[in-house]
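K.L.:
Starting from the known structure of chain A, arrange chain B on it as the hints suggest.
There are 2 protein chains.
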Amino acid sequence: MKTLPRILAFLFLAGPIHAADPLPSWNDGTAKRSIIAFIEKVTKEGSPDFVPVAERIATFDNDGCLWAEQPMYFQAFFIFDRIKALAPQHPEWKDTEPFASALKGDVKSALAGGEHALLEMAMATHAGMTTEEFEKIVKDWIATARHPVSKRLYTEMVYQPMLEMLSYLRANGFKTFIVSGGGVEFMRPWTEQVYGIPPEQVIGSSIKTKFELRDGKPVIVRLPELNFIDDKAGKPAAIQHHIGRRPVMAFGNSDGDLQMLQWTAAGNGPRFCLYIHHTDAVREWAYDRASHIGRLDKGLDEAMAKSWTVVSMKDDWNQVYPMQ
Amino acid sequence: MKTLPRILAFLFLAGPIHAADPLPSWNDGTAKRSIIAFIEKVTKEGSPDFVPVAERIATFDNDGCLWAEQPMYFQAFFIFDRIKALAPQHPEWKDTEPFASALKGDVKSALAGGEHALLEMAMATHAGMTTEEFEKIVKDWIATARHPVSKRLYTEMVYQPMLEMLSYLRANGFKTFIVSGGGVEFMRPWTEQVYGIPPEQVIGSSIKTKFELRDGKPVIVRLPELNFIDDKAGKPAAIQHHIGRRPVMAFGNSDGDLQMLQWTAAGNGPRFCLYIHHTDAVREWAYDRASHIGRLDKGLDEAMAKSWTVVSMKDDWNQVYPMQ
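Residue numbers (this note's numbering), protein chains in the order written: chain A, -8 to 315; chain B, -8 to 315.
Think of the hints as simulated: they come from the structure by calculation, not from any bench.
Warning: the hint list may mix true and false statements.
Chain copies aren't distinguished; within one or between two, either way the pair holds.
Derived DSS-like pairs (lysine-lysine); straight-line CA-CA distance at most 25 Å [unchecked claim]:
{"#": "1", "residue 1": "297", "residue 2": "223"}
{"#": "2", "residue 1": "130", "residue 2": "208"}
{"#": "3", "residue 1": "99", "residue 2": "35"}
{"#": "4", "residue 1": "85", "residue 2": "289"}
{"#": "5", "residue 1": "199", "residue 2": "223"}
{"#": "6", "residue 1": "223", "residue 2": "208"}
{"#": "7", "residue 1": "201", "residue 2": "289"}
{"#": "8", "residue 1": "32", "residue 2": "85"}
{"#": "9", "residue 1": "199", "residue 2": "35"}
{"#": "10", "residue 1": "142", "residue 2": "127"}
{"#": "11", "residue 1": "305", "residue 2": "199"}
{"#": "12", "residue 1": "289", "residue 2": "208"}
Same shape as in the complex, but just chain A (with noise of 0.2 Å):
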């Protein structure tokens, strides 16, 4: 029993025992601080703004918000290397636009068509498939695929400020969501493992989808066909389709999260609305009202007016990704 004087005299020792930082990614400041004066308030059982479990909801989009979106959306990397993939199957592909651009590697002139030849190549490479033979190639995909700048997995690309902030809200009693305009089905194989996102609490874009017996054997197959476009408009749609409660908290990036953020903001009791701001030219990439990939220009002006919480990339963040 020698031990027991040790660990008084380290107890009294110590001195006053503080919690470990929550954020410690993030830089202190008015971000930070507005974020954890938000979660106290609203987990204080008496207060005023106390919020119950059951509506602790925090959605969040993922493209630059989650992970990267620079200089293109991950998902768009994944059809490109999925044409290569499959152009064996497709002799016609090599005379066909916008897929011979594509596996000449063409990016620029593959997505000169603009909407719909992104459209086409989307329904050539996620439809006509099982559900769970999707799941397996998007999963292969992104155990494997590299991203052509930082040649790092696309899943190490995600944000280590956020991952504290998914882990802090959750340990707050949040569920927290994704409300992505990317492919439901293209984030569910990764989300658990990645940010502790369950597949059911992934709102995305969708196609529509079947359901049939073959051979006895029940399979859902994957239609190409537009089912549904989770951006701007259709995101606080989404969320009550898909969640019916509105958010307590929302976090994005782009003028596609402007509308989440405004149905959020507009509920009754303590809201919080967060805008990242992509300002870090150095360690990730900096871009706002005119980048053609997540541009944030009337939400930015919206954030300032109504006084969201933008968060600076460059000054409130000490680090960007997992591993530096």
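P.N.:
Positioned in the frame of chain A, the structure of chain B alone reads:
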């Protein structure tokens, strides 16, 4: 400290301590035993049938599975009540079918137009307001409307044995979901209180919605256009779309649930499918292969062929509703 010997005496005299029965409204029999045996094997760590908590998904049909559905779906009573409430704003309904018959209380004639008539009445009563307004309408109705036969509140016609089942599964780490042909926004206002199922775990049929700013205030407006019918082959597709994980357990009572049960049963590892068979003409209703509402025909054959659990309401339940 006189009490210590008494406590010790109690502990020894009381004999072995048994856990309380988690399903007291279920008679001892094949059905109850199959449920308990399944839960015990999938929750036993180290067992080959162990299912991690994150994968413990259980899906329940609502009409006829969690609450009654005779002499017609309870949401149909809601529709007829709403037509009466809205009639003053629609003088033209007096001379227009199916509304004229509905207003006279002639349900049979109102439904003579089949699916088209029902859809028309559903749209007239479920669309044209914001999601918040509709939620309030449902809450007010469900708190006061009474079933024409039993004279009970509709929420008093939920099945006590299934309430016990929901609690039992949740106590064993399952996430419980509703997957119903009923309207998702018709169920969410009361499922949390009545079943302990939060809105984000309710999947149902839906109409289209639209986010908009009204005088700067964000609202989601309900549109008179079908979005999705969550029935038959729609159920597994909706499960995949909303949950993104195959259920481990599925509960239904009609052919409309068959594809959900097929999809569940076809997963790898342990799966459990259960059909409730309405066999109790005295305490509830007796119907199956020939019923217009909740027909159980093909499903009953497949359940027998595949040895799914079939519950006879008459024989397996010693209590039907929470209040006798």
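K.L.:
For which of the previously enumerated hints does the structure constitute a violation, in increasing order of number?
P.N.:
The structure breaks hints 3, 4, 8, 9, 11; every other hint is satisfied.
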